[in-house]
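Participant: Using the sequences and the hints, build the whole thing.
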Amino acid sequence: MATTKKTVLITGSTRSIGLAFAEYYTKQGWNVIGTTRPNSNTDQLMALSPFKTVMLETSDEASVLEAAHQLEGVPIDLLINNAGIYIEDDFKTTTKDAFMSQFEVNAVGPFLLSRALLPNLELAVKTHGTATVAQVSSFLGSIGGNTKEMAHFFSHSYAYSTSKAALNMVTRSMSVGLHDSNIIFVTLNPGYVATDMNGHKGSLKASDSAEWMAEVVGNLSMEDSGKFYNADKTFGGLDLPCTRSIGLAFAEYYTKQGWNVIGTTRPNSNTDQLMALSPFRTVMLETSDEASVLEAARQLEGVPIDLLINNAGIYIEDDFKTTTKDAFMSQFEVNAVGPFLLSRALLPNLELAVKTHGTATVAQVSSFLGSIGGNTKEMAHFFSHSYAYSTSKAALNMVTRSMSVGLHDSNIIFVTLNPGYVATDMNGHKGSLKASDSAEWMAEVVGNLSMEDSGKFYNADKTFGGLDLPW
Numbered sequence: 075m076a077t078t079k080k081t082v083l084i085t086g087s088t089r090s091i092g093l094a095f096a097e098y099y100t101k102q103g104w105n106v107i108g109t110t111r112p113n114s115n116t117d118q119l120m121a122l123s124p125f126k127t128v129m130l131e132t133s134d135e136a137s138v139l140e141a142a143h144q145l146e147g148v149p150i151d152l153l154i155n156n157a158g159i160y161i162e163d164d165f166k167t168t169t170k171d172a173f174m175s176q177f178e179v180n181a182v183g184p185f186l187l188s189r190a191l192l193p194n195l196e197l198a199v200k201t202h203g204t205a206t207v208a209q210v211s212s213f214l215g216s217i218g219g220n221t222k223e224m225a226h227f228f229s230h231s232y233a234y235s236t237s238k239a240a241l242n243m244v245t246r247s248m249s250v251g252l253h254d255s256n257i258i259f260v261t262l263n264p265g266y267v268a269t270d271m272n273g274h275k276g277s278l279k280a281s282d283s284a285e286w287m288a289e290v291v292g293n294l295s296m297e298d299s300g301k302f303y304n305a306d307k308t309f310g311g312l313d314l315p316c317t318r319s320i321g322l323a324f325a326e327y328y329t330k331q332g333w334n335v336i337g338t339t340r341p342n343s344n345t346d347q348l349m350a351l352s353p354f355r356t357v358m359l360e361t362s363d364e365a366s367v368l369e370a371a372r373q374l375e376g377v378p379i380d381l382l383i384n385n386a387g388i389y390i391e392d393d394f395k396t397t398t399k400d401a402f403m404s405q406f407e408v409n410a411v412g413p414f415l416l417s418r419a420l421l422p423n424l425e426l427a428v429k430t431h432g433t434a435t436v437a438q439v440s441s442f443l444g445s446i447g448g449n450t451k452e453m454a455h456f457f458s459h460s461y462a463y464s465t466s467k468a469a470l471n472m473v474t475r476s477m478s479v480g481l482h483d484s485n486i487i488f489v490t491l492n493p494g495y496v497a498t499d500m501n502g503h504k505g506s507l508k509a510s511d512s513a514e515w516m517a518e519v520v521g522n523l524s525m526e527d528s529g530k531f532y533n534a535d536k537t538f539g540g541l542d543l544p545w
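When you line the sequence shown up against our numbering, it's residues 75 to 545, in that order.
Hints were generated in silico from the structure; no laboratory data involved.
One or more of the hints may lead you astray.
[As the list claims (entries may be wrong)] Restricting the straight-line Cα-Cα distance to at most 30 Å, the calculated cross-link-like pairs of lysine-lysine (DSSO-like) are:
id : residue 1 : residue 2
1  : K429      : K330
2  : K399      : K166
3  : K330      : K508
4  : K275      : K222
5  : K222      : K166
6  : K170      : K275
7  : K395      : K80
8  : K80       : K279
Facilitator: Laid out in structure tokens, this is it:
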């Protein structure tokens with residue numbers, strides 16, 4: 075095997091963790107490719123005499139493609155996607171813009187760059203046998219780690235934690251979809267590092283965190299691809315715990331059960347079948363439009379809601395090569411941000427129901443494709459055509475878990491549900507299950523819930539086996 079110098083590209087390399095990575099790998103004798111942004115201070119990076127520097131905005135696809143063009147023919151042994159943003163928020167204060175901007179930078183950007191630099195990684199594989207993509211994630215991206223005990227961290231990072239869970243999923247998708255490439259894909263928890271993002275409140279130095287992450291990366295093999303590693307030595311432990319179709323079927327089911335059904339409609343949607351059920355109320359709603367959500371909440375002011383089913387969603391078939399930034403952004407907006415916005419807006423209605431009946435429930439219709447743990451080689455034929463969709467559903471699972479933890483004293487149950495592979499308009503009616511069966515099975519799960527179940531991810535597909543799903 076040739077012993078040529080190895081090359082690392084580090085995003086966000088002009089400061090904090092990114093700069094610490096650049097310093098570390100320079101000392102190790104690697105070729106360091108640094109990335110810069112307009113108006114960023116590059117003095118410390120340039121003092122290291124990097125092998126190359128490229129101008130890069132990872133959330134700008136044109137910038138990503140231009141950087142890849144400039145690096146054409148350059149083998150890259152290690153890509154460290156470190157650039158990211160953090161906006162402190164909580165359940166009440168977070169905004170749609172906070173969700174969208176952090177998802178764009180923290181999840182979509184790393185995917186776009188990883189895909190654009192795939193030829194460079196493949197060149198490194200030819201020389202050194204393997205290459206690695208290391209995503210700097212966060213413990214806050216661990217859905218399983220989002221517990222009552224850790225609520226003081228997660229409760230102020232609603233949109234950020236959701237974006238990092240999404241990053242974990244898309245990284246897992248790449249590890250599975252490209253498992254024959256000899257490229258290792260991992261996500262890393264850097265620990266609570268003192269950086270500009272947190273006002274230097276962190277307890278770790280960037281240099282220590284970068285060195286510990288580099289140590290983890292240096293010991294990786296292909297068997298580790300797809301995993302989420304803790305590189306914080308102060309933390310302990312290395313592995314981290316990671317008006318139609320179904321909606322109409324729900325309306326039919328709960329009408330038969332004697333519930334007051336509030337249906338939602340969209341402009342130009344066919345409401346004949348819904349209206350034939352004589353619903354208690356209907357409201358016009360676009361869940362991805364915050365103004366529409368707030369108007370619907372205004373119309374429903376004072377109405378107790380015992381069960382909110384966030385079922386609306388979109389699916390765009392794609393794969394590693396064909397998916398687009400727009401596909402990521404639009405599905406995240408509808409499938410993850412929309413359900414959060416509506417759940418928050420209708421919190422007073424859910425609280426009214428708690429006063430009357432003791433509990434209320436928010437049931438998010440997710441998907442098995444939102445299970446990071448379920449994204450394996452054996453299931454690759456499902457996940458490989460749903461890159462952006464699966465990422466959006468993992469994000470939905472995280473934000474639901476955040477609500478369950480943040481509002482654990484509210485007596486409101488928050489769960490996500492796998493409906494199974496249902497024949498719907500979204501999949502061209504290719505699914506093996508009828509919408510009516512899926513809705514009934516999900517309603518059965520919901521009907522048996524208690525507060526102890528809040529925050530869990532349930533399988534409602536009786537043909538699949540097993541009730542609890544891995545995050």
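Participant: Now look at each hint and say whether the structure bears it out.
Facilitator: A quick look at each hint next to the structure:
1. A hinted pair counts as satisfied when its Cα atoms are at most 30 Å apart, and K429 with K330 qualifies at roughly 25 Å.
2. For the suggested pair K399 and K166, the alpha carbons sit about 28 Å apart, so the restraint of at most 30 Å is met.
3. Of the pairs offered as hints, the one joining K330 and K508 holds, with about 18 Å between alpha carbons and a cut-off of 30 Å not exceeded.
4. For the hint linking K275 to K222, the alpha-carbon distance of about 22 Å falls within 30 Å, and the restraint holds.
5. Proximity of K222 to K166 is assessed by CA-CA distance (about 18 Å); at most 30 Å being required, the pair is judged to hold.
6. A C-alpha spacing of about 26 Å is found between K170 and K275, which places the hinted pair at or below 30 Å, so the restraint holds.
7. The straight-line distance between the Cα atoms of K395 and K80 is roughly 26 Å, inside the 30 Å bound, and the hint therefore holds.
8. Between K80 and K279 the CA atoms are separated by roughly 26 Å; this keeps the pair inside 30 Å, and the hint holds.
Comparing the model with each earlier hint shows no violations; every hint is respected.
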